[in-house]
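Enquirer: If you want the building blocks of each chain, they are given just below.
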Amino acid sequence: MKFLIADDAGVMRKIISRALIELNALPENIVEAENGKQAVEEAHKHSFSLIFMDWNMPEMLGIDAVAAIRAAGIKSPILMVTTEGEKANVVRAIQTGATNYLVKPFSPDDIKEKITQLIGPIPVQTPQDAALAKAQALDLERGKVTLE
Amino acid sequence: MTPITNSKAQIDASLVNAVVSATTNVLRTMASTEAVLKEVKAEKDYRPYGDISAVIGISGDNGEGMFALSFPLELVNLIASRLLGVSPDKISSEDRCDAVGELVNMISGSTKSDLSQQNNTIYKLSLPTVIQGRDHEISSRPKNNPYLVVIFESEGKTFGLQVSFKTY
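Chain order of the listed sequences is V and P. Numbered per this note's numbering, the first sequence spans residues 1 to 148. Numbered per this note's numbering, the second sequence spans residues 1 to 168.
Simulated from the structure, these hints should not be mistaken for lab results. Any given hint could turn out to be false.
[Stated by the list, open to error] Below are the DSS-like pairs computed for lysine-lysine, each with C-alpha atoms no more than 25 Å apart in a straight line:
1. V:K14 to P:K90
2. V:K37 to P:K124
3. P:K143 to P:K41
This is chain P alone, in the form it adopts within the complex:
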């Protein structure tokens, strides 16, 4: 994985492709939900997004970083209901947290496999952590390092994936 710079022209295309492909594939396969890419940008730092986020750490020989997947409540309820095959009003807070955690696990896992193959490097993932609340902060995250922000639209709502990787 190469560093993400704060210049749009220098966003790592292989990372963007891997992230977009993993996200659309995970949602389609596991939850029969289509996600459409809306925006790709580089930001100087992480920005709070949505009502609930799942965060997972990634580390490799050449650096470390994180994936943060954030959803509005209404959309995550719908996706969790499709994952579990129940109606959205039956989704508990625990189901919601579990669903977002497992989604970021699968998306980061697929991205990791893609990048490992491309770069011939072994990456490892941490266990996911879930944070809830409007404009929630992620305190344990790469600081002073640019973030790749990928915004998707699904079922008329947007959700975001933010990825940061700091090289040693």
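The following block holds chain V by itself, in its conformation from the complex:
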């Protein structure tokens, strides 16, 4: 399972990463983006099990990134993680294509609960499993399967 965390604050990306890792995600399966534009680019490159999206970011706002991701037909669940707690913004985000909403500040338990609610438990994966999945993905891209 692969995850994308889009937030301009490095500290927030680290907090969300830590919650994911405590829920069994592998660090090498967590991709980070510092703005909405990077988030859209990464969403085109990989298939993410869950995307975390801040609202206020440079280059492109998170809400615009959500719109661009949905316009591209990408169906990964998107969790908005933002200080924009007004009801009108929550409604706007959901109407734009966000799957769920978490208002900052949040406790480690709050975000873990949201993650589990959205995608269920993250299965335990060894680095070998991750390498195998990566190799399979590469071979599929080349149009052949050569795993022994």
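Using the hints provided, position chain P relative to the given structure of chain V.
Expert: For chain P alone, kept in the frame of chain V given last:
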């Protein structure tokens, strides 16, 4: 948001309540750190405070202003270490800046939500900017406008939040 006056009797109580509630809640929830309100006062202008500040702009239909959150270095290292779950000696300058920036983002965001609901007005926030150095100045700030100064104590150290809002 109503203007802050330089008379203590006329400090906007709803703004003070929103700011205090947001600050204590953000630190408790995100960093397991308690902050106790020590002082609330109105000043004629911004006063340099602490070693590091994060500033965020706020604008609405009826005016604009800023929030400036300032910490001494030792306290911000401790809070950043709790946010990140590492020991304070592992905190880099980048972590420190990021932590203060994100704290002011969350505090101003919570305050904004509270005030939007109370005043039925939409406010917008800018991205945070971080300034470091003893007695640092904030050049881009509301001038000739009173500031609400709120001082908190946490872990035996004080930190401050200064808020100014200029109505059109």
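Enquirer: Give a verdict on every hint.
Expert: Hint-by-hint comparison with the structure:
1. The straight-line distance between the Cα atoms of V:K14 and P:K90 is roughly 14 Å, inside the 25 Å bound, and the hint therefore holds.
2. For the proposed pair V:K37 and P:K124, the alpha carbon gap of about 21 Å is at most 25 Å, so the pair holds.
3. The straight-line distance between the Cα atoms of P:K143 and P:K41 is roughly 18 Å, inside the 25 Å bound, and the hint therefore holds.
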